[in-house]
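Student: Chains as they are written, first to last, in the numbering used here: chain D, 3 to 203; chain X, 3 to 203; chain F, 3 to 203; chain V, 3 to 203; chain R, 3 to 203; chain Z, 3 to 203.
Hints in this document: simulated from the structure, not taken from any laboratory.
Any given hint could be a false lead.
No copy is singled out in the list; a pair is fine if it fits within one copy or between any two copies.
[Unchecked claim] Using 30 Å as the maximum straight-line C-alpha spacing, the simulated DSBU-like pairs for lysine-lysine come out as follows:
{"no.": "1", "residue 1": "K56", "residue 2": "K141"}
{"no.": "2", "residue 1": "K56", "residue 2": "K96"}
{"no.": "3", "residue 1": "K141", "residue 2": "K81"}
{"no.": "4", "residue 1": "K81", "residue 2": "K56"}
Quick caveat, the model's predicted, so the values are computed rather than measured.
Here are the chains, one letter per residue:
There are 6 protein chains.
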Amino acid sequence: LPESSQRTAVPGVATGLAVTGAGGDVLYVEASLADPETGDTGLTLTGQLGDVMKESARIALSYLRSRGAELELPVTALKDRSVHVHFPAGAVPKDGPSAGVTLTTALASLLSGRTVRSDVAMTGEISLTGRVLPIGGVKQKLLAAHRAGITTVLIPARNEPDLDDVPQAVRDELTVHTVSDVREVLEIALTPAKVAEQAAA
Amino acid sequence: LPESSQRTAVPGVATGLAVTGAGGDVLYVEASLADPETGDTGLTLTGQLGDVMKESARIALSYLRSRGAELELPVTALKDRSVHVHFPAGAVPKDGPSAGVTLTTALASLLSGRTVRSDVAMTGEISLTGRVLPIGGVKQKLLAAHRAGITTVLIPARNEPDLDDVPQAVRDELTVHTVSDVREVLEIALTPAKVAEQAAA
Amino acid sequence: LPESSQRTAVPGVATGLAVTGAGGDVLYVEASLADPETGDTGLTLTGQLGDVMKESARIALSYLRSRGAELELPVTALKDRSVHVHFPAGAVPKDGPSAGVTLTTALASLLSGRTVRSDVAMTGEISLTGRVLPIGGVKQKLLAAHRAGITTVLIPARNEPDLDDVPQAVRDELTVHTVSDVREVLEIALTPAKVAEQAAA
Amino acid sequence: LPESSQRTAVPGVATGLAVTGAGGDVLYVEASLADPETGDTGLTLTGQLGDVMKESARIALSYLRSRGAELELPVTALKDRSVHVHFPAGAVPKDGPSAGVTLTTALASLLSGRTVRSDVAMTGEISLTGRVLPIGGVKQKLLAAHRAGITTVLIPARNEPDLDDVPQAVRDELTVHTVSDVREVLEIALTPAKVAEQAAA
Amino acid sequence: LPESSQRTAVPGVATGLAVTGAGGDVLYVEASLADPETGDTGLTLTGQLGDVMKESARIALSYLRSRGAELELPVTALKDRSVHVHFPAGAVPKDGPSAGVTLTTALASLLSGRTVRSDVAMTGEISLTGRVLPIGGVKQKLLAAHRAGITTVLIPARNEPDLDDVPQAVRDELTVHTVSDVREVLEIALTPAKVAEQAAA
Amino acid sequence: LPESSQRTAVPGVATGLAVTGAGGDVLYVEASLADPETGDTGLTLTGQLGDVMKESARIALSYLRSRGAELELPVTALKDRSVHVHFPAGAVPKDGPSAGVTLTTALASLLSGRTVRSDVAMTGEISLTGRVLPIGGVKQKLLAAHRAGITTVLIPARNEPDLDDVPQAVRDELTVHTVSDVREVLEIALTPAKVAEQAAA
Ligand SMILES: [Ca+2]
Ligand SMILES: [Ca+2]
Ligand SMILES: [Ca+2]
Ligand SMILES: [Ca+2]
Ligand SMILES: [Ca+2]
Ligand SMILES: [Ca+2]
Ligand SMILES: [Ca+2]
Ligand SMILES: [Ca+2]
Ligand SMILES: [Ca+2]
Ligand SMILES: [Ca+2]
Ligand SMILES: [Ca+2]
Ligand SMILES: [Ca+2]
């Protein structure tokens, strides 16, 4: 079993893809909601995040705060519970806008109680209206996903031309979805609500 | 269809014009209002904005908070809902006062539910009383608007002399409005309320 | 008509005088009060202000918060409405204490609904008790006022000797009031309440 | 009449003494209380104050908040009204602990409505328990007080030896009180309550 | 008796392991809850902690705020009482993610009233979902534990290969548990609830 | 009479010992509680304190907030009254953890109304559980205490070996207590409650 199975076994965790000094890598985004009985609200961000990545987390949260009802997510939970988003490993500095879709997916998973599919990894900037904007490093990210045992990858539609750079042997073992709205991401990446309930039973 | 059609398809998005290192460019301003059930209020600004641009956003919001009732905008929404303003792309630093009219238009669109015309782009500093003050880079901005398929451009009245520098071939394909008060901007740029309601139906 | 007529056509705007790299210049101070229905209170300062100028704005506001009732200003408005003070143009850095009287006048105009006379410009530091303290650059400031079509100028009493440096031709076309208390400034600069009401009707 | 007469004509203003680059100088401390109807509470400090001087203001205020009732000062006013302390001139940087007694006197004058004697100037650090601690520059400060027309000066008891350095001609025209507790300062410097009431009538 | 017996005699203290300039060392984490009658809530962190270690403390607290009820911890206490986490000695700078499990254990001990076993020391990063992630310096940390009289050590499962580097003589005197979820840590390290009650009686 | 008699004549003041550039010195810690009628709560720290010393003050306060009831201190006062801790002289920078016991004693004196014995000085870091941890400069500190007329000194138990460095003539005139828990400090240093009541009568 790939590591992503263990990581994404609970709602609130999504698998992203990053470019690092040493090529690409799989990156987990973890989100939690505090028990309302513990008081306090707001957003805590950890994992040695740079300014652009912190802004991505705020965009993902605002997207869900303004569009969550349309998406049938119980956003009322945000009123009484504080949100924490963490990117392990905690000592590695991280930055860039390309975790936008992963952040949105982790938060939507947390709110809905639906886990994220462990065979899916994703990359893409999001805008405040939910558009998926292009990012860099598609080749390195797909190679990293493949190495990690991921079989389905979501990339921005505007990055489709970059797929030409990915070796055919890797392309053959990956299902790649090109997406332009984060709603497409959520439809593909979240497990069905029923399955989640069985898991919780 | 130009990209601006997709971007401005929802209320809260307006098309601006900026001067970049590589000439001019089209710049989108996105605004959202959180669901009041998610708690928390205030203004969040993202997109790697410089100090002058952040101040422009505060001026635009204060203008609407003090004059919104005259403009028949439902400003009461601001009491219970937090506002987020984002400038994609998230990793590109941005600064300067010339997005003032675009910011005001995006926020007025958001409050009114009226989308911004996708064929319109604009540039201009605003003052706290709604005056439109001159900006730089008119030539590069109009060339960028033209390249992006925009057909109507709003510039500050005090920039009218700069139109002489724009090639005649471009001038012929653009309708340019020179404006001195942001109310003129809103009248031209916002789609009629009725159309917006049909779109929502 | 001088530009100051347009700028000061609404309550909350006063005309100041500044020394810049290129001699003196006219400087507008704009103040607005948010609609109480938009929630939130406090003071927002914009216009790329330096520390001394930001402190001047706080002094002007505290003066009105402590002495406003004596001056028959409806200071209760400050309890439920946030104040924004802006100095256009937004990208030009500004500093120094000499906008103290202009700040106080703009705020008193805003609270009273009485516009500021468009033929009047002013300069002077204020103390927390309303005293008008001397400033620099009297000559450059009066030349700038004259160029801008201003006909009445208010300067600190302790700057009276500096008037000797102003060319007689300019002196002859300006009415100069030397003032030592900001109450004198408000009496001269604010239009009568009645006129303001007619304007609003 | 010395300038201090005008400055200290209202409650809340006390005359201090400072060492500057050019010898000693008289320094005014102004304090104001906002009208409770203007909302907001807290302490605002202006006058380009350094860290040590800002801490002196907090010590003076805490002294009055903990000992005010013993001193028969109506400290309840602090609950609903914000305090502003300003040191003119606003653009001149100021620092050091020696304004402690002046700050306490200005605040006690403000709370009691009793003006500070205009013939009195003072210098001295205060501790949180109201002790008056020694300061530097006694000679320059007394020369400055004398030049400004001050006739009574308060200095810390532990600075008594420094009086030897003051020219006899100046010493002869000044009444110097050496004090070790800030209560002695208030007894000497505040005008009687009755006089204050007549002034207000 | 080793020093850890004295340190961990009260609930809220756990023994960690750190790498320092001079090899490894034992490190105590102390946590306290304020009496609810003292007002104020929130988290205070002291001990000259670096950014990564401060984030570890926030992750540990969020983990307990979201999962505490499952763990049968009375998290409601967090609503009315402020938490303070301190790492003695107070003047020594400390950083890194490897105190994550120790922080979680100290906080869980505090909430449950169950002391931490004085013969146990631990090291490991935690994720927001409670996973125990690998850290560095296993050899130095185990040598330090041994020197300090510790007999049981908890390390991340993914650090198991590092045990090969530990001298056999030390390995023989230590019971080492490799753990992958912080729940395993709490089960091993916290004394039984009954014992804690007897201690309190 | 030594100066410490005057300084510690009121509850809330304790005598500490510090190492300075010029050997050791006596250091006073002053604490005050605001009248609850003045509104506002929280902790104010003054005296140009470094980060480690500010953290020591927070540790001392948290210790009392969590253990105060056991110590029969009326900690409820902290809910409605703001605390101010000041280290005179106000312009001298101070840092280090060794004022921990002095801070705790000053705060316990303030809460209990029992003054601190004027013949006692102390030094020692405290942990959040009240343990007294070793500090540096024992020799210089004891020489300074002796010079200042102090007759009883409290030092951490783990600093007992450092007493060998203190000249026998000084040792003979000082009673030195070695302590390992801050409760021992409070028992020795605070005057009996009865004496305090008589002083207040
Ligand atoms: Ca990137
Ligand atoms: Ca697609
Ligand atoms: Ca610009
Ligand atoms: Ca026009
Ligand atoms: Ca100036
Ligand atoms: Ca005059
Ligand atoms: Ca000084
Ligand atoms: Ca005396
Ligand atoms: Ca580490
Ligand atoms: Ca294991
Ligand atoms: Ca020390
Ligand atoms: Ca002992």
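Student: Which of the listed hints are broken here?
Tutor: 3
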